[in-house]
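Construct the entire structure; sequences and hints are all you get.
Protein chains in written order, with my numbering: chain A, 1 to 286; chain B, 1 to 262.
Any given hint could be a false lead.
Unchecked claim - Derived Cβ-Cβ restraints for the label pairs, each shown as a range:
#1 B/Arg159 with A/Tyr248: 52 to 62 Å
#2 A/Phe281 with B/Leu18: 21 to 31 Å
#3 A/Phe16 with B/Leu14: 53 to 63 Å
#4 A/Phe80 with B/Ala163: 56 to 66 Å
#5 A/Pro149 with B/Ile70: 39 to 49 Å
If you are wondering where the hints come from, they were derived from the structure by calculation, not from laboratory data.
Ideal Cβ placement from N, Cα and C applies to all residues, glycine included.
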Amino acid sequence: MKNSRLKKEFIKERQFFLASPAILWQILFLYIPLLFLIGISFFRSFEYFSIKHVTLDNYKVLLTLSYAKIIGRSFLLAFFNAIFCFILSYPVAYFLALRVRRFKHILLFFLALPFWTNFIVQVYAWFFILDYHGLLNSFFLKMGIISQPLHILNTPIAIYIVMLFCYLPFMVMPIYTSLSKLDTFTLEASFDLGATPWQTFSNITFPLSLSGVQTGFFLVFIPSFGEFVIPTLLGGGKLMFIGSMISYFFLETRSVFLGAAFTCLSGLFLIASALFILWLFKKLFR
Amino acid sequence: MEIRSRFSRYLLPLFVTLIYLMVYAPILVLILFSFNKNPLSYEWHGFTFHWYRDLFKSVEVFDALKNSIIISFSSVFLTISMGLLYVFYGATTLLNRYIVFFYGSLIMPEIVLAVILLSLFSFFSVPLGITTIIVGHTLIGLGYVVPMIRARYEEIDYRLIEASLDLGATQNQTFFKIVIPLLYPAIISSALLVFIVSFDDFLISFFCSGAATLTLPMYIFSVIRSGATPEVNALSTILLVVSSLVIFILTFLKSEDSGILR
Numbered sequence: 001m002k003n004s005r006l007k008k009e010f011i012k013e014r015q016f017f018l019a020s021p022a023i024l025w026q027i028l029f030l031y032i033p034l035l036f037l038i039g040i041s042f043f044r045s046f047e048y049f050s051i052k053h054v055t056l057d058n059y060k061v062l063l064t065l066s067y068a069k070i071i072g073r074s075f076l077l078a079f080f081n082a083i084f085c086f087i088l089s090y091p092v093a094y095f096l097a098l099r100v101r102r103f104k105h106i107l108l109f110f111l112a113l114p115f116w117t118n119f120i121v122q123v124y125a126w127f128f129i130l131d132y133h134g135l136l137n138s139f140f141l142k143m144g145i146i147s148q149p150l151h152i153l154n155t156p157i158a159i160y161i162v163m164l165f166c167y168l169p170f171m172v173m174p175i176y177t178s179l180s181k182l183d184t185f186t187l188e189a190s191f192d193l194g195a196t197p198w199q200t201f202s203n204i205t206f207p208l209s210l211s212g213v214q215t216g217f218f219l220v221f222i223p224s225f226g227e228f229v230i231p232t233l234l235g236g237g238k239l240m241f242i243g244s245m246i247s248y249f250f251l252e253t254r255s256v257f258l259g260a261a262f263t264c265l266s267g268l269f270l271i272a273s274a275l276f277i278l279w280l281f282k283k284l285f286r
Numbered sequence: 001m002e003i004r005s006r007f008s009r010y011l012l013p014l015f016v017t018l019i020y021l022m023v024y025a026p027i028l029v030l031i032l033f034s035f036n037k038n039p040l041s042y043e044w045h046g047f048t049f050h051w052y053r054d055l056f057k058s059v060e061v062f063d064a065l066k067n068s069i070i071i072s073f074s075s076v077f078l079t080i081s082m083g084l085l086y087v088f089y090g091a092t093t094l095l096n097r098y099i100v101f102f103y104g105s106l107i108m109p110e111i112v113l114a115v116i117l118l119s120l121f122s123f124f125s126v127p128l129g130i131t132t133i134i135v136g137h138t139l140i141g142l143g144y145v146v147p148m149i150r151a152r153y154e155e156i157d158y159r160l161i162e163a164s165l166d167l168g169a170t171q172n173q174t175f176f177k178i179v180i181p182l183l184y185p186a187i188i189s190s191a192l193l194v195f196i197v198s199f200d201d202f203l204i205s206f207f208c209s210g211a212a213t214l215t216l217p218m219y220i221f222s223v224i225r226s227g228a229t230p231e232v233n234a235l236s237t238i239l240l241v242v243s244s245l246v247i248f249i250l251t252f253l254k255s256e257d258s259g260i261l262r
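Now the structure itself:
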């Protein structure tokens with residue numbers, strides 16, 4: 001066959017070399033450094049950098065309550081952020097996928113647009129809303145809901161609010177995708193057979209959108225876990241999260257080895273908690 | 001035939017409108033207040049372009065802009081050329097199987113990427129600066145570009161490539177005269193995407209830059225931390241507009257493209 005002759009011609013060493021830079025780049029700057037980071041977490045410093053000096057000291061230093069609290073706090077932030085995102089996103093995704101006919105793509109586009117704009121700017125914009133003299137307080141004051149401005153900025157509440165709205169598109173998109181694949185005939189069938197709207201939703205629509213919910217959950221949970229910008233800018237620096245702790249180790253105290261151990265420890269915790277949540281999903285819904 | 005209830009008719013649209021409002025309120029307020037005469041107050045004092053004029057006089061901003069542009073253009077160039085080479089020349093070699101390698105940078109939290117790069121650079125005492133940031137941005141960029149270009153490459157009619165080779169074109173000629181023109185839409189949109197990702201990236205730049213190098217997002221970050229200035233509002237507005245424009249073009253290209261080719 002002509003095809004096989006051509007294919008043979010294709011396979012040359014030269015091709016291999018021309019194709020390899022992209023792969024090499026990933027190996028050299030992602031996979032090797034990753035192993036390297038795991039490796040150096042078992043050493044104390046560059047002076048003691050031989051196989052004789054492999055030690056668990058870094059991990060022993062980190063096994064204290066204050067570091068456990070930081071990891072726990074990040075976990076709670078990521079977990080509840082994903083939950084809140086789910087609560088707010090589901091109706092939006094449902095509306096866009098099943099209720100809107102025209103302008104569907106435009107509405108979806110405008111939901112995702114802020115996500116593609118500069119993240120720092122997006123976070124910064126929330127200062128205008130949440131500040132002591134900001135929009136939210138003046139609005140509440142005018143409405144007569146509160147008599148004194150609330151302190152929101154530099155509190156955990158600010159972190160939670162901004163995280164929620166910055167990660168919203170990550171949750172809406174996958175749920176939207178799974179809902180728009182839904183066969184509307186199943187909904188009609190359920191309706192014809194006498195199910196109430198609520199029954200249809202809880203027995204058909206929701207179970208069929210679970211794969212989207214699960215994807216969305218992890219798309220929010222994983223990046224929230226290491227979030228650095230939002231807690232740093234809006235938390236007032238009072239509460240440490242994993243992201244801020246890592247940057248403290250690497251950029252401020254320059255304790256690379258301890259930082260490496262902390263990063264590995266948090267990474268392990270992230271993987272373990274993600275697996276646990278995955279298991280929970282399976283247990284609860286299947 | 002749709003299941004309708006009072007909930008889905010009134011409450012749901014209201015809820016969705018509220019969400020959109022909450023997503024856009026901060027950004028719109030920021031844009032509005034970048035034109036405010038009194039920069040320190042959250043009340044409207046009149047319209048001015050003053051802060052934009054100040055912005056163009058600032059040497060720091062200009063430097064950061066220069067760095068940002070150098071970094072994002074280099075990352076775009078590197079990712080696109082390496083990505084294209086991988087997709088075309090790798091298509092028939094063993095390397096084709098290792099596409100999984102490109103997903104790693106997308107799965108990991110960005111701070112982990114930043115930290116592993118930093119520890120590598122500091123171990124080999126590589127001087128931090130523009131180059132190290134480009135390395136990082138190219139790393140994430142490839143994660144977007146390779147799957148995008150490959151998806152399009154697989155849609156190409158393979159007979160066109162075969163015909164070209166059959167009629168005596170060398171592989172390089174086929175690459176430049178057949179494959180690249182056919183992949184053009186995918187190249188443009190992935191280039192725009194990498195540009196946006198690199199131009200807006202903060203974390204990798206923050207970790208992999210030395211003390212001397214500032215990009216625009218880093219400049220904004222440092223100013224916000226030390227108390228925001230009105231120029232930052234203006235700069236933020238400009239960045240918002242630039243990113244949105246690029247995304248508009250990208251979406252437009254994509255919808256055009258899929259209309260013609262499918």
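Task: Hints violated by the structure (listed by number, smallest first) - done: Of the numbered hints, all hold.
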